[in-house]
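S.K.: Sequence:
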Amino acid sequence: MEAFTRPCFEKMAEDQGWRNYMEIVAYVNSSHGFMHTLMSETFDAVSHELIADMKKIFPDASIQEIYWSYHFLTGAFTFSLGQTGRIDKLSDGLCASRDVLAIAERLPRVIAAGIRALCAHPNDAGKA
Numbered sequence: 077m078e079a080f081t082r083p084c085f086e087k088m089a090e091d092q093g094w095r096n097y098m099e100i101v102a103y104v105n106s107s108h109g110f111m112h113t114l115m116s117e118t119f120d121a122v123s124h125e126l127i128a129d130m131k132k133i134f135p136d137a138s139i140q141e142i143y144w145s146y147h148f149l150t151g152a153f154t155f156s157l158g159q160t161g162r163i164d165k166l167s168d169g170l171c172a173s174r175d176v177l178a179i180a181e182r183l184p185r186v187i188a189a190g191i192r193a194l195c196a197h198p199n200d201a202g203k204a
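For the sequence shown, the numbering used here gives the first residue as 77, with consecutive numbering after it.
For the record, the hints were derived by calculation from the structure and aren't laboratory data.
Glycine residues also receive a C-beta, built at the ideal position from the N, C-alpha and C atoms.
Check before you lean on any hint, since a few could be wrong.
[What the hints assert, rightly or not] Ranges between beta-carbon positions, derived for each pair:
1. His197 <-> Asp164: 28 to 36 Å
2. Ser107 <-> Arg185: 24 to 32 Å
3. Leu170 <-> Gly190: 20 to 28 Å
4. Gly190 <-> Thr160: 15 to 23 Å
5. Asn96 <-> Asp136: 26 to 34 Å
6. Gly93 <-> Ala178: 30 to 38 Å
7. Tyr143 <-> Gln92: 19 to 27 Å
Turn these sequences into a full structure, and let the hints guide you.
M.R.: If you want it as structure tokens, here you go:
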């Protein structure tokens, strides 16, 4: 998860241009129509590679759990790229959606734990 997410957040920390680009990626990822097609054309190859890697890491996981894991990973990732300010408001400024290095430290751990919960222990997937 580090290798998939951290480079984007590090680029964002260094340069406003990267922040702007990642906000566009987040917007396009949550859009329909032409934007949906653009997202597929641009990122499907990388997505399929990541899904293939997840299948290798969790060979006993059901394919459905692999795809759901990918869905949750990219959902949390692109929401974080969007820097929506939601966490700023909810935390009364304690946390900031623009603190991309704080996100880079936390997101991979959260996502990895969730994926392990779904894929490494398939019989426990429905229990929380």
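S.K.: Take the hints in turn and mark each one as holding or not.
M.R.: Status of the hints after comparison with the structure:
no. : hint                          : verdict
1   : His197 <-> Asp164: 28 to 36 Å : 35 Å, holds
2   : Ser107 <-> Arg185: 24 to 32 Å : 29 Å, holds
3   : Leu170 <-> Gly190: 20 to 28 Å : 23 Å, holds
4   : Gly190 <-> Thr160: 15 to 23 Å : 20 Å, holds
5   : Asn96 <-> Asp136: 26 to 34 Å  : 42 Å, violated
6   : Gly93 <-> Ala178: 30 to 38 Å  : 21 Å, violated
7   : Tyr143 <-> Gln92: 19 to 27 Å  : 34 Å, violated
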